[in-house]
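Visitor: Here is what each chain is made of, one letter per residue.
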Amino acid sequence: MTDIPLSARPRSRSVAHRILAGAWATTEMKVAFFIFAALAVLTVVAPFVIDASATKITVADRFLPPIFMEGGRYPYLLGTDQLGRDLLLRSLIGLRNAFAIGIVSVVIMFVIGCAIGIYSGYRGGWVDVVLMRITDVQMSIPVVILAITILGMSRPNAFTVIAVLVLASWPAYARVARSVTLAERQKEYVRAAKILGASDLRIMALHIAPSILPSIAFVAVLDIARMMIFEAIFGFIGIGIQPPTPTFGTIISAGTQYLLNAWWITIVPGFLLALALTSLNLMGGVLERSRNLVLQGQL
Amino acid sequence: MATEPIMRVESLSVVLDSAAGSRPILSDVSFDVAPRSVLGIIGESGSGKTVLSNALINWIHKPLRLTSGRVLYQGRDLLALPEQAMANLRGREIAYIGANPTIALDPTIPVGHQIVEKLKEVEPGISEADARKRVVDTLDAVRIPSAVRRFDEYPFQFSGGMMQRAMIVDALVSNPKLLIADNITQPLDVTVAAQIIRLLRDLQSAFETSIVFISSSLGVVTDTADDVIVINAGRIVERQPAARITAAPEHAYTRDLIAKVPRLWAEAETPEPSPGSDIVLEVRDVERTYVVRDRARLFGENQVRAVRGVSFDVRRGESFGLIGESGCGKSTLSRLLSSIEQPDKGSIKVEGRDIAGLKGTPLLAMRRRFQLLLQDPYNAIPAHASIGRTIEEPLRIHGLARGAALKQRVRDVMTEVGLSPDLYDNLPVGLSAGQRQRINIARALILEPSLMILDETLSALDQVEQARLLALFEALQKRHGITYLYISHDLAMVRRVCARIGVMYLGRIVELADNHTIFETPAHPYTRTLLSSVLTVEPKPFLPETYLMEGEPPDPIHIPDGCTFRTRCPFASARCATEEPHLVATAEGNGAACHLEPGHLPPPSLPPAPAGRAAACLET
Amino acid sequence: MAFAIEFFIRRLSQGLLIVLLVAFVIFTLLRIAPGDPIRIILGPMATATAMEETARELGLRDPIPVQFGRFIVQVASGDFGHSFIRGKQGGASGGSQDGAPDLSQRASVMDLILTALPYTLILASLGLIFAFLIAIPIGLAAGLNAGRWQQKLGLYISSFFVSLPNIWVGVVLIYLLSAKSGLLPAIGYRGIAYAIIPAIVMAIEMSPILIRAIAVSIAANVQEGYFNVGQVRGIPRSKMIYRHVVRNAAVPLLNVFSAQMIGMLLGGLFVVEYIFSFPGIGLLTINAVFQRDFPIIQAVAILASAVLVLINILVDFASTTIDRRLKF
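Residue numbers (our numbering), protein chains in the order written: chain A, 1 to 299; chain B, 300 to 919; chain C, 920 to 1247.
Note that these hints are calculated values from the structure, not bench results.
Note that the coordinates shown come from a computational prediction; the quantities given were computed from them, not determined experimentally.
Positions of the beta carbon are idealized from the N, C-alpha and C atoms, including for glycine.
Heads up, some of the hints might be wrong.
Said to hold, decoys possible - Listed below are the simulated SDA-like cross-link pairs for lysine to any residue, each with C-alpha atoms no more than 20 Å apart in a straight line:
{"#": "1", "chain 1": "B", "residue 1": "K419", "chain 2": "B", "residue 2": "I408"}
{"#": "2", "chain 1": "C", "residue 1": "K1099", "chain 2": "A", "residue 2": "F33"}
{"#": "3", "chain 1": "A", "residue 1": "K30", "chain 2": "C", "residue 2": "F1079"}
{"#": "4", "chain 1": "A", "residue 1": "K187", "chain 2": "B", "residue 2": "S625"}
{"#": "5", "chain 1": "B", "residue 1": "K658", "chain 2": "A", "residue 2": "R123"}
As the list claims (entries may be wrong) - FRET-style restraints, in silico, Cβ to Cβ:
{"#": "6", "chain 1": "A", "residue 1": "L213", "chain 2": "C", "residue 2": "D998", "range": "26 to 32 Å"}
{"#": "7", "chain 1": "B", "residue 1": "K419", "chain 2": "A", "residue 2": "V107", "range": "38 to 44 Å"}
{"#": "8", "chain 1": "C", "residue 1": "T968", "chain 2": "A", "residue 2": "V59", "range": "27 to 33 Å"}
Build the full structure now, drawing on both the sequences and the hints.
Guide: Laid out in structure tokens, this is it:
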């Protein structure tokens, strides 16, 4: 109800730049970024610095608690598991693997889902009806049922895990991209491009996609974390990447048997994973909030 | 004045806080509102008038801040009142109506129910039945047809005008002593706005309410108010009785404001029809119907007949105008003419070639011949591409140039439309609406079209910018022989630039004639209704008393039999209900779709004195 | 009224088609996936001829469309067939046991599901209740106080909860609340107390989405014109919130509920039941997967998607009833 003159708002930088700047201005963004960056550096550096092994079985060093507890000793900073392997290194490798799977699967589902969604929303008509009914079907199968059916019946590895995650989650991207496209194709600049004679493909690829994809990409950051959790769940049930490759699911699952005597085998790696995911999710959340503020003209 | 004012504003100041510091929005504003009077406040956009209207009900929020002043209502300073006491006054004794009625109510609850909710809130103890009766009665009083049925309809089923009437009901139902009306006619069509203003005057005397009437249109304010305050950049520059403000303005700013109001009749310079017979655009019997689902019937569908048989010709080098109110089918027609949609029936020939039904490469080739400029300069240009890249796009699409030649052509066309070629690599952020519209023009012009369709192209711009672009269009027309088709609701602009004009109503052209005939001696009653509704500061040949009836255009689903305008026509006869009139052109190419013989309409009259109702009031 | 009838005719027929397609996809998937169920039914010692005979007897050698048609006719009469492995008395037969398999002794899939269903319903409703108890106050506070600390709190809590893998939360809670302190029982089911820890795990998984959805839709409606105008019209802020804002916010919330929450609830049930050996549908299904017990898997998948589709339809109907502008 107040008319603040347009000139009062700075309009000089690009939208993406303002979103990033707005997010970086917050403390939580900086904290989350440094935690995440530290963990990332650690996964690369730790194997060269710590004189222990993530895979070598050392019977003498079984069930060692973290170094800050009684009985803990160097180099096992976070203790060892039931086979005497170093938990910190196992967790870091698990984190790296999970993150790789998360990133790759989200990129693939983002590309497939958005391409189909933009096409469906832009074309409309029967193409749209058929594609959306397919996503209906896909979304009516709970992810975990789909995963345990496919992975439980095949020989799971990184590729099949990614395939299942993509298969289960692309429809969500298609839905979002479609609904944004539906709104976008009503906009004047799309009409202007049509009047100039631009082909449908050109409009979708050069006009609509650059306008809508950045905002969906911010949401995709949150999905990386979600995919990492799925990867852990698959490992826990025994349908993820198979041992001896360390994954959070298998570490936690194996540790449950020794929960009363050696709780750290389960709790410590899970804590590291939760820390990494919280920082990732916090960054995603701050970015999304910053984006809303920018789009509302408040930043 | 002998009586105590109902509201007194004393040296009110408001600032806008931002990172860059505080900027004054209102400075030292003081005035009185006399009981049972209408005080008009006029100011351009950005003058601070909306902030002022909000301050009158103590509704100033961050980043705005009150720095000084008092708003006295019945001796109490509203700005110093505890929030609870102020909340008790709002909506009860002091009512407020805003500029945008379509967002004013909860979209999920029927309109009548929400007014009852408010009434029960401000009058605790009123029974449900009484409240309902009072609301229905007031809906009747603002001439909402079939009020009992409308009571249970949802906001989205109301047109903008009907919704504004409902908001007036909402404000008046509690018998407030003071009504603050902030730009309430701004989003409405001319005939609807004229109806609302007439209504407000009638209600003001019936309800004995004082009104503070705020508007950016001088014609609206002088037509409505007893006294007028002119506000500029947060300061009051002049206060005068409404009749005197146009006749004898004292302040230079006021004089400037009056000079800026476009005249339709007083100083009309109009273009002559083009003598050539070469026809660039030939539209014949074009129809377009949309099918929408009907919730009330099982598998029900309704047909929205948006365009129902439109025919006209546009000759080379001429400017042709299509005018009409919202819902008349001009937007649909613009989509058909720009070949974004195909007509169900009829033909659209551009330079002799029918583009209806044309697809693929032939259509692409034709697109170079006709271009359409859109209304919204902000959304018509992609935000993520540089200005040069945006103007290049048509050349790339049509494969007309590449490399250095392409850049050179873009620079040339930028210069031609008045954009500095230095802006080539800039993003469009921060450009004014006028500059953005120039990008738009450059992008169309680079294809060297022979026909440009201007669909409300200038309506988002202020008067000054509009005049500059019109001059640009004229220059381009002279240089390249471009033909223009203006689609607009702005009668003053069409009056200035279009040689021939078609008037649309409910999907049809009801009158088609040259500029002079349309504005001086129109043959169709609707054209006269439209002209009578224009709020201007000059004497009008057509008066609302004669031509403006109550009621809004029927919706294009339920089109009346016979003549579609008969439901609002003061001259309708029995024949009009059964037989649909057709547009028959005379030898000069003029014609109207009406059964009346030309001599049967009242002769154009000029009112005796350049005065609104206010002058008449002073005399009595 | 006409609208409601047309709505349900259209949507139920579409929904039926979707469930049929899901059924076909799952059915086909199970039959082309590696792992021969006959080997599991008969055990490692069975001869090739015996296996072939059993396969034919079970109809597993017919073309897939034929098998599917037969299956659908069966399902239409409420019969989801018999488990390959589980006996009528509960325990698993086949595999390690010797002796010829007697199919008539196998448990009916419908019976197995109906036995497990009440446990799953208890867990699901308890989980939903906990999730709403967490999410409503936090989400409301965040939505009504955009830009203030309440909104940040909402962001922190939802970012934290959404980062906790449910498997890990489950194990941690078992350790803290059950194994270490003995406050609550955890593994298996012998009374409603056994459902509390699993329900908390599910609530932690579901609440972030709810918190965000509530906060976003409330905040969006507080920004709407009618909220400000309503107060200027004379209706107190509190009444504007609980009569209008909550009502309008319900539409996107219902959408989130049907699009994300129900799927997440179903998925969560599987994992949580597996962690806690909770004898519901999820545990039944996961065991069925490891045992290649096709009839159970396909029945659960079909029923789960039917439930999803049905809830979707009901939610959309509720949305169009609240907001009459919506189309379907």
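Visitor: Against the 20 Å threshold, does the CA-CA distance of K1099/C and F33/A hold or violate the hint?
Guide: violated (35 Å)
Visitor: Are K187/A and S625/B close enough, with their CA atoms no more than 20 Å apart?
Guide: Satisfied, since the Cα-Cα distance of roughly 19 Å is no more than 20 Å.
Visitor: Hint check: K658/B vs R123/A, CA-CA at most 20 Å. Holds or violated?
Guide: holds (16 Å)
Visitor: Next pair to validate is K419/B with I408/B; report whether the Cα-Cα distance is within 20 Å.
Guide: holds (16 Å)
Visitor: Does the structure keep K30/A and F1079/C at a Cα separation of 20 Å or less?
Guide: It holds: about 16 Å lies between the C-alpha atoms, which stays within 20 Å.
Visitor: The hint says 26 to 32 Å between L213/A and D998/C; measuring C-beta to C-beta, is that right?
Guide: Between L213/A and D998/C, where Cβ atoms are some 49 Å apart, the hint is violated.
Visitor: Measuring from beta carbon to beta carbon, are T968/C and V59/A in 27 to 33 Å?
Guide: About 48 Å separates the Cβ atoms of T968/C and V59/A, which means 27 to 33 Å is violated.
Visitor: Determine whether the Cβ-Cβ distance between K419/B and V107/A falls within the hinted range of 38 to 44 Å.
Guide: The hint (38 to 44 Å, Cβ to Cβ) is violated, given that K419/B and V107/A are roughly 57 Å apart.
Checked against the numbered hints listed earlier, the structure breaks hints 2, 6, 7 and 8; every other hint is satisfied.
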